[in-house]
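Student: For the sequence shown, this note's numbering assigns the number -10 to the initial residue and increments by one for each residue that follows.
Take the hints with a grain of salt, since some may be wrong.
[Stated by the list, open to error] What follows is a set of in silico ranges between Cβ atoms, one per label pair, in the way DEER data are often shown:
no., residue 1, residue 2, range
1, Phe3, Val125, 27 to 35 angstroms
2, Thr(-1), Ala77, 26 to 34 angstroms
3, Asn131, Ser69, 15 to 23 angstroms
4, Gly108, Pro6, 33 to 41 angstroms
5, Glu106, Pro6, 34 to 42 angstroms
6, Lys103, Ser78, 27 to 35 angstroms
Since the hints were made in silico from the structure, they are not lab data.
Idealized CB from N, CA, C, for every residue including glycine.
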Amino acid sequence: MKITPSKLNTFLMFKLPAAYLTGVRATQINDTTCIVSVKHRWVNQNPFKSMFWAVQGMAAELATGALVMKKIRESGKKISMLVVNNNASFTKKATGRITFTCDDGLKLDDAMRKALETGEGQTIWLSANGINKDGVQVSSFNFEWTLKVKS
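Given these sequences and hints, build the entire structure.
Tutor: Printed below as a string of structure tokens:
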């Protein structure tokens, strides 16, 4: 089964309802890039009338994680994936629609190839930057994923 934005959003509704209810939605996925967006609304705001950092984190993690899921699915192998570390920085209030983009598909291809060739677990840092409608970066997230081929 091919991973598409529609299938990812249905997955969110049933398996990650907090992300779905706060408006996190996948909009595009291909071999190199995954794009996820979320709109600032009452349900996902903090007391300072901007988007709560955890909602931004859910969107950013989905942008990186969906790319990992797609690569695992395409490999046809059983590979576990897990976030073992993350960090973030916030540079501007997140209001309006924020779009998170992960462009690390080629970097991920190398880690997947090493995991499949060696059978050893691999770690890889993937990033997703949150950009507002004016093209200004509001946040940047980095997630360290582990990939391990299951026996």
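Student: A separate judgement is required for each hint: does it hold in the structure or not?
Tutor: How the hints compare with the structure:
A C-beta distance of roughly 34 angstroms is found between Phe3 and Val125, which places it inside the suggested range of 27 to 35 angstroms. Take Thr(-1) and Ala77: their Cβ atoms lie about 27 angstroms apart, and the range 26 to 34 angstroms holds. For the pair Asn131 and Ser69, the beta carbons lie near 20 angstroms from each other, so the given range of 15 to 23 angstroms is met. With their beta carbons about 36 angstroms apart, Gly108 and Pro6 fall inside the hinted range of 33 to 41 angstroms.
A hinted range of 34 to 42 angstroms for the beta carbons of Glu106 and Pro6 is consistent with their spacing of about 38 angstroms. The given range of 27 to 35 angstroms is respected by Lys103 and Ser78, whose C-beta atoms sit roughly 29 angstroms from each other.
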